[in-house]
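Protein chains: 2
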Amino acid sequence: MDQGKDHVAVIGGGLAGSLFALRLAQQGHRVDVYERRPDPRARRGAEGRSINLGLSKRGIAALSEVGLRDEVLSLAVPMEGRVIHTLDGTARFQPYGKNRQEVLHSIDRNELNDLLLDRAEAHPSVQLHFEHRCVGVDAATRSIQIADATGTVTPITADWIVGADGAFSKIREEMQRGQRANFSKEFLEWGYKELNLPARPDGTSQLKLNALHVWPRGHCLIVSHANRNGSHTLTLFLPFEGPDSFATLPDRTAISSFFTRYFPDLVPQLPELLAQWERHPVGSLVTTRTAPWHLNDWIVLIGDSCHAVYPFYGQGMNSAFEDCSALSAALTTTHPTSRLDAFRSYERSRRPHTDTLAELSKENFVELRQRVQSPLFVLRKRLDVWLNRLAPRTWLPLYTMIAHTTMPYADALARARRQDRWLLSGVAVAMVVLAGAVGWAVS
Amino acid sequence: MDQGKDHVAVIGGGLAGSLFALRLAQQGHRVDVYERRPDPRARRGAEGRSINLGLSKRGIAALSEVGLRDEVLSLAVPMEGRVIHTLDGTARFQPYGKNRQEVLHSIDRNELNDLLLDRAEAHPSVQLHFEHRCVGVDAATRSIQIADATGTVTPITADWIVGADGAFSKIREEMQRGQRANFSKEFLEWGYKELNLPARPDGTSQLKLNALHVWPRGHCLIVSHANRNGSHTLTLFLPFEGPDSFATLPDRTAISSFFTRYFPDLVPQLPELLAQWERHPVGSLVTTRTAPWHLNDWIVLIGDSCHAVYPFYGQGMNSAFEDCSALSAALTTTHPTSRLDAFRSYERSRRPHTDTLAELSKENFVELRQRVQSPLFVLRKRLDVWLNRLAPRTWLPLYTMIAHTTMPYADALARARRQDRWLLSGVAVAMVVLAGAVGWAVS
Chain R
0 MDQGKDHVAV IGGGLAGSLF ALRLAQQGHR VDVYERRPDP RARRGAEGRS
50 INLGLSKRGI AALSEVGLRD EVLSLAVPME GRVIHTLDGT ARFQPYGKNR
100 QEVLHSIDRN ELNDLLLDRA EAHPSVQLHF EHRCVGVDAA TRSIQIADAT
150 GTVTPITADW IVGADGAFSK IREEMQRGQR ANFSKEFLEW GYKELNLPAR
200 PDGTSQLKLN ALHVWPRGHC LIVSHANRNG SHTLTLFLPF EGPDSFATLP
250 DRTAISSFFT RYFPDLVPQL PELLAQWERH PVGSLVTTRT APWHLNDWIV
300 LIGDSCHAVY PFYGQGMNSA FEDCSALSAA LTTTHPTSRL DAFRSYERSR
350 RPHTDTLAEL SKENFVELRQ RVQSPLFVLR KRLDVWLNRL APRTWLPLYT
400 MIAHTTMPYA DALARARRQD RWLLSGVAVA MVVLAGAVGW AVS
Chain D
0 MDQGKDHVAV IGGGLAGSLF ALRLAQQGHR VDVYERRPDP RARRGAEGRS
50 INLGLSKRGI AALSEVGLRD EVLSLAVPME GRVIHTLDGT ARFQPYGKNR
100 QEVLHSIDRN ELNDLLLDRA EAHPSVQLHF EHRCVGVDAA TRSIQIADAT
150 GTVTPITADW IVGADGAFSK IREEMQRGQR ANFSKEFLEW GYKELNLPAR
200 PDGTSQLKLN ALHVWPRGHC LIVSHANRNG SHTLTLFLPF EGPDSFATLP
250 DRTAISSFFT RYFPDLVPQL PELLAQWERH PVGSLVTTRT APWHLNDWIV
300 LIGDSCHAVY PFYGQGMNSA FEDCSALSAA LTTTHPTSRL DAFRSYERSR
350 RPHTDTLAEL SKENFVELRQ RVQSPLFVLR KRLDVWLNRL APRTWLPLYT
400 MIAHTTMPYA DALARARRQD RWLLSGVAVA MVVLAGAVGW AVS
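Sequence order for the protein chains is R and D.
Counted from 1, the first sequence has number 393 at position 394 by numbering that gives the first Met the number 0; the numbering is strictly sequential.
Counted from 1, the second sequence has number 251 at position 252 by numbering that gives the first Met the number 0; the numbering is strictly sequential.
Heads up, some of the hints might be wrong.
No copy is singled out in the list; a pair is fine if it fits within one copy or between any two copies.
As the list claims (entries may be wrong) - With a cut-off of at most 35 Å between alpha-carbon atoms, the simulated DSBU-like pairs for lysine-lysine come out as follows:
#, residue 1, residue 2
1, Lys169, Lys380
2, Lys207, Lys4
3, Lys380, Lys4
4, Lys4, Lys169
5, Lys192, Lys169
6, Lys4, Lys97
7, Lys4, Lys361
8, Lys361, Lys192
9, Lys169, Lys361
10, Lys169, Lys97
11, Lys207, Lys169
12, Lys207, Lys361
13, Lys4, Lys192
14, Lys184, Lys56
15, Lys169, Lys184
Everything labelled a hint here was simulated from the structure, so no lab data went into it.
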């Protein structure tokens, strides 16, 4: 262990926690990772259920910093755009960007997590502790209470602590106890259920592989991510209550007729639908916000533990990875001599952007389930791509800035709004010119 | 114990909890009240620090229902309006309503709480348990865990449970664990400190007794409530950080010069200022919102436990008491045969209004600390009172509706906005007529 380097405890061995642990170790720190659940790498061969995520520019940038970019991308399926499946069975492709570089990468969450844990564990300065959960924080003695699988509680004192234990973060709750800390959690009134769309017997995909597939139905929605084996992971989003909801699909007959009515093209492709429906749980979706993100120079939060968002912009993991880059830069570059200043500047520079992402992720829910099928929306997307090709430095569609750049989220939104104003002015000028020309022509 | 009546556990023996316990007992239920703190009635004779609240129409209506209206009002000092103290020492009176009926009642929070506890305890169906706190909720067995002063935990099973344990409600937290429950807490960046302005040696008040006094300074604010003994309880509101904040008043010199600068008229009236400053803690202010307010037909929340608001509209206690009326009406009148329906209708009919109150309470902070001194504001208030006198059924100022009626908060706000539109139209018409008349006169 290097003299002068820190001993850091990371709470949570999920995507953000394992990536940041590796990054800290590479910078010479000694790291202990405490994860509540058992080692997920032992579960392989079980159901094999996959949850897929869309890795984009921001996430890739953070993976590059730890040297894992190429290895991770080799596990992913590139998605060049969205295929919109309408009720009448037609499928329409909408590209994600103007070229082959502007794609998303569909990756299995578990596979990525396992890889990050493997690489972290392989580093001599990282120690992983599974079935160890944080149960308390004692600011006075700068120690946290860690309970092991047997329930034995041990106080842990590290130089500083990273909270990466997800949307329902225990360390956030404990560190903010008695503090003037703002917090909100808001659940979507829709839940989700994952279904596997298998590959054909010959291993080829039933759907175009290199795309995200969307079945937008307004009052319900299916989104699908591709897997390397040719299968697709479908996620059905549906209200919990009301007509056509999880509450009104109590039996096999109701489920079958629901799919026949709204997703007829999927019915022949999902022979295991009913069995899967019964086996897979209904998940819920939450947006959380909080402030502050740190407790003096001792505890700091990253990822979902400080800003969980709905999945509809596909930026949850990407923004969590971007937190790792931002916190690392604050600690090593901006404020190498003061951890407190680094934590403060990390939060100050980052929170407005994750707040914006929360709003964008809410708005994109309406886009995904409804607007993607409107002709006006398609026209607008085409115009965006065309303008972007015409003036690649001047005109950047919002989606491009969010998914294919590392421009801070709120800056991207502000620029998109500015561009919208230009576009409107341009359309207005064009109409005046056109009216003049028509007037001249008929006179 | 009546056959067919319920055994109800009330968590929290504060204002709402003790009032509701009494109400339930009067309706024939058997009630156990569990209060975390020791019996507050034992503390009498200690420092005698008072926290005063403004009791208004809504609170009085709920007290009438338990037969305590007159007894409580006999403990209160009526306040007929606000006295605004400007920096140059002038004091200007603004009436609260159009007559002697439209007043607020300044009451000592502790005295009121003690009275409610006394009356609840005197009822044979109420049992009070002090130093008993809720530590857990087990929905499966419909039992809650109650820890006594020694730490011994006992499971309690009542037919149903009322959560009345304040803004940081433990029972809310426990009942919502694992549920899709929304929650937010937001702290004001200002804190407060209470100071006592004593009566003169002959027992008379140094300030007009029958009024709320306000020293609005924009970046700081003092509000004062009258006590029956001629003293006043001042509350200084000040930012926690920044210039002129609690953080920048570290010593007696700084505090003295702060008061001399911004509250010179109070300096001779507060001989104990510095000693009190050091003795009294700085409090913080929080707004909370949550949904749902109940867990099936078993637990239901009232008062701050489901909607804490800033104190700037003086409606925190009044809205908590109004919850007691609303929940009681839902249980006995609207849905006497289904407790679940009663809880649902109570929340559905009440939550939009307490959400509105939260916003009004935030807005009134700006009004109290700044706008009350503006000539335009004073003019508008006078116009409101004058229109209200002219057409007492048609024109009701917002403040009148909130403080002197039991009209639901959101309905009051909607009506005030409608009135504002009438007023604007009226002013516009008047200006056109005036312009016409001037034009006619000069032509």
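Copy assignment of Lys4 with Lys361, given that the CA separation must stay at most 35 Å: neither (41 Å within a copy, 46 Å between copies)
35 Å Cα threshold - placement of Lys192 relative to Lys361: Within one copy, since 19 Å is at most 35 Å while 40 Å is not.
Identical-chain pair category, Lys207 with Lys4, by Cα at 35 Å: Neither way: Lys207 and Lys4 sit 50 Å apart in one copy and 65 Å across, limit 35 Å.
Up to 35 Å CA-CA - Lys169 versus Lys207, copy category: Neither: 41 Å inside a copy, 51 Å across copies.
Alpha-carbon proximity between Lys4 and Lys192, which holds within one copy, between copies, both or neither at 35 Å: neither (45 Å within a copy, 43 Å between copies)
Lys169 and Lys361: within-copy, between-copy, both or neither at 35 Å Cα: Cα proximity of Lys169 and Lys361: in one copy and across copies (25 Å, 30 Å).
Up to 35 Å CA-CA - Lys361 versus Lys207, copy category: within (27 Å within a copy, 53 Å between copies)
Homomeric proximity label, Lys4 with Lys97: Cα distance no greater than 35 Å: Classified as neither: same-chain Cα gap 45 Å, cross-chain 71 Å, threshold 35 Å.
Status of Lys169 relative to Lys192 across identical chains (alpha carbons, at most 35 Å): Answer is both; intra-copy 26 Å and inter-copy 32 Å each pass.
35 Å Cα threshold - placement of Lys56 relative to Lys184: both (27 Å within a copy, 34 Å between copies)
Intra- versus inter-copy proximity for Lys97 and Lys169 (alpha-carbon distance at most 35 Å): Close neither inside one copy (42 Å) nor across copies (53 Å); limit 35 Å.
Status of Lys169 relative to Lys4 across identical chains (alpha carbons, at most 35 Å): So Lys4 and Lys169 pass the 35 Å test inside one copy only (27 Å; across, 40 Å).
In summary, the structure is inconsistent with hints 1, 2, 3, 6, 7, 10, 11, 13 from the numbered list given earlier, while agreeing with the others.
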